[in-house]
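Novice: One letter stands for each residue in the lines below.
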Amino acid sequence: MNIFFFLKTKGLKSEIGIAHFPPTRSKGYQANPAYVCAARIVQGKWFIQTLTFLAYGQSYAVKGEALNLSDDLLSQVVVFLSPKRLEGAYDELPSESAFTSTASWRANVRIVSPTTSTSYMAEYPGEMLDLKRGSNVSVAPFYQSGAGICAKVFIVNFSRQPIVKEGNVYIKLHSSQRILKHIKVMSNRVSCLDLTDVAVIDETDSLVVVSPDLAFIPIYFSQTQEGTHLSLEHSHPPASLMMYGLPDQKRAIARQMKSYFMRGIERA
Amino acid sequence: MLDVLQTARTFVNAYRFRKVKNAVFSDRFVWKNDSDWKTYFDLYHLGGILNPDFIEPYEVSIFFFDAAGKEICRKDIEVQFGQKQAVDVSLILKEKHQGSGTFLVFHKVAHDVIFGKSPSCLFERGYTSYQRRSDNSPLRSYVHGNLSNCALDIRTLKIKNTAKAGAKNYFNSQLMLDDCEFFELFLTNPIDAPLSFTAEFFDKEGVCIDKLQSRIPVQGLFSYSSQRSPSGIQRVKLTANFHLFRPAFFKYYTSHFDVLHG
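Going down the list, the protein sequences come from chains A and B.
Using my numbering, you'd call the opening residue of the first sequence number 1 and step up by one each time.
Using my numbering, you'd call the opening residue of the second sequence number 1 and step up by one each time.
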């Protein structure tokens, strides 16, 4: 089961466009009933509510403002499809195989201004929900700099268990390894970090976003200050930059790469 | 039993790798170039990202094709460790090549320099961005590569699409298209043969309101533009003899546009 999330930043709205059909023909796939559910952690448990029933072949836009939550609470909400109506407090997020496929089942995560919108086809994979520990390195990020541009990165981390813990995120320069920023974020939410002040520090040395204790999906966002122009995209994990090689061989290369970028950073 | 499977997987991977051990790979990216559109590509020292001990500069070759699949020009650029370059594709294509087409980005470095004994090849999956002059905006809109698996033999400089046609399958885009004024979609050909396909466009009731059939030449590009608002189209379904026949979408709003994969 993949989950989806809101990308909420000040002054802009966030929506999730969720579809009840698989992206490709999947052997053995049967159309299940689908309920669009939303969940967030309340008093140590996942509190889940069903938003609507979604007929097969239909799509539905979950508007963040319709949930009547503050920006901080909206950033802690996950949305997913369930074959059953769910209401109440749960010890963990459900493990559902009903809405999985090859290619992955995605939703359209959007940031919306009064005159435009930007989005990408998102997923927070079920496998990431079950990671016991994690770390991440995001290289080659497409931040933009210049007069009138605000550059941000969303740090997306969620787990099946309703545990909230602190993680550390560092912004570094690639070749000099100089640490520009150290920010503490909480897990099980989407954190929005401002890169505007560091994006222009050294235009010949690109930025790297690193965490020694948090696995996350980095999503880079740029906007003009008025919100009339927006840009959004996620960066690739290191393994996708390699063709061929067995999984353990690719993991060894990724570990070596991570080790380099973790230099100068204390691990938990 | 697990040992047997592991041995089999190792053998199959080694066999496949032997065919491409002198190759580097690239996704196929879309360029738009005219009086209004500019295209950029963010170029990094990918070898040094994957192997931080490899800090030597090396050459990247960018191959450009028009929509009919004909190679129109080539550009070689040196990359330095740790640096990012926003390659201005429009400066390369200039007024001579206008409209849209595709390009490939190959990092010409031997696999063992990056990966040692591990049977892996370097794959450029990276980030194209677009800017429209009429927006009067400093911002570029980004999209990543689209899984086209094109290989360059760094000894012979011959290009080959390594993906193969398969059983008929559909890509039912989960992206809704009725929140914008109009949209364009671009399809590249991932195989070394002309690729026929069917595109069906559905409204929000699930009724097919438009349908077309076409064929994309090798290395070519197909483009489609919906009518200006409202088109009534909510989603698109593509059918072809290929597993993941996924388009790039440009969605046009009042003040800006968005670009993403479906």
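Don't read these hints as lab results, they were simulated from the structure.
Watch out, some of these pointers could steer you wrong.
Claimed, not checked - One-sided and incomplete, this derived list gives chain B residues near chain A with beta-carbon spacing under 8 Å:
| hint | residue |
| --- | --- |
| 1 | Lys94 |
| 2 | Asn172 |
| 3 | His256 |
Claimed, not checked - List time: in silico DSBU-like cross-link candidates among lysine-lysine, alpha-carbon distance up to 30 Å:
| hint | chain 1 | residue 1 | chain 2 | residue 2 |
| --- | --- | --- | --- | --- |
| 4 | A | Lys258 | B | Lys164 |
| 5 | A | Lys13 | B | Lys108 |
| 6 | B | Lys117 | A | Lys258 |
| 7 | B | Lys237 | B | Lys158 |
Note that CB positions come from ideal geometry on N, CA and C, so glycine has one too.
Novice: State for each hint whether it applies.
Specialist: Quick rundown of the hints versus the structure:
About 24 Å separates the beta-carbon of Lys94 of chain B from the nearest beta-carbon of chain A, more than 8 Å, and the hint is not met. For Asn172 of chain B, the interface hint holds, since its Cβ comes within 8 Å of a Cβ in chain A; the closest pair sits about 6 Å apart. The restraint placing His256 of chain B at the interface with chain A holds, with a minimum CB-CB distance near 4 Å, inside the 8 Å limit. Of the supplied pair hints, the one linking Lys258 of chain A and Lys164 of chain B is violated, its CA atoms being roughly 34 Å apart against a limit of 30 Å.
Restraint check: the Cα-Cα separation between Lys13 of chain A and Lys108 of chain B comes to about 43 Å, which exceeds 30 Å; the hinted pair is violated. Straight-line distance between C-alpha atoms of Lys117 of chain B and Lys258 of chain A comes to about 19 Å, which keeps the hinted pair within the 30 Å bound. Straight-line distance between C-alpha atoms of Lys237 of chain B and Lys158 of chain B comes to about 34 Å, which puts the hinted pair past the 30 Å bound.
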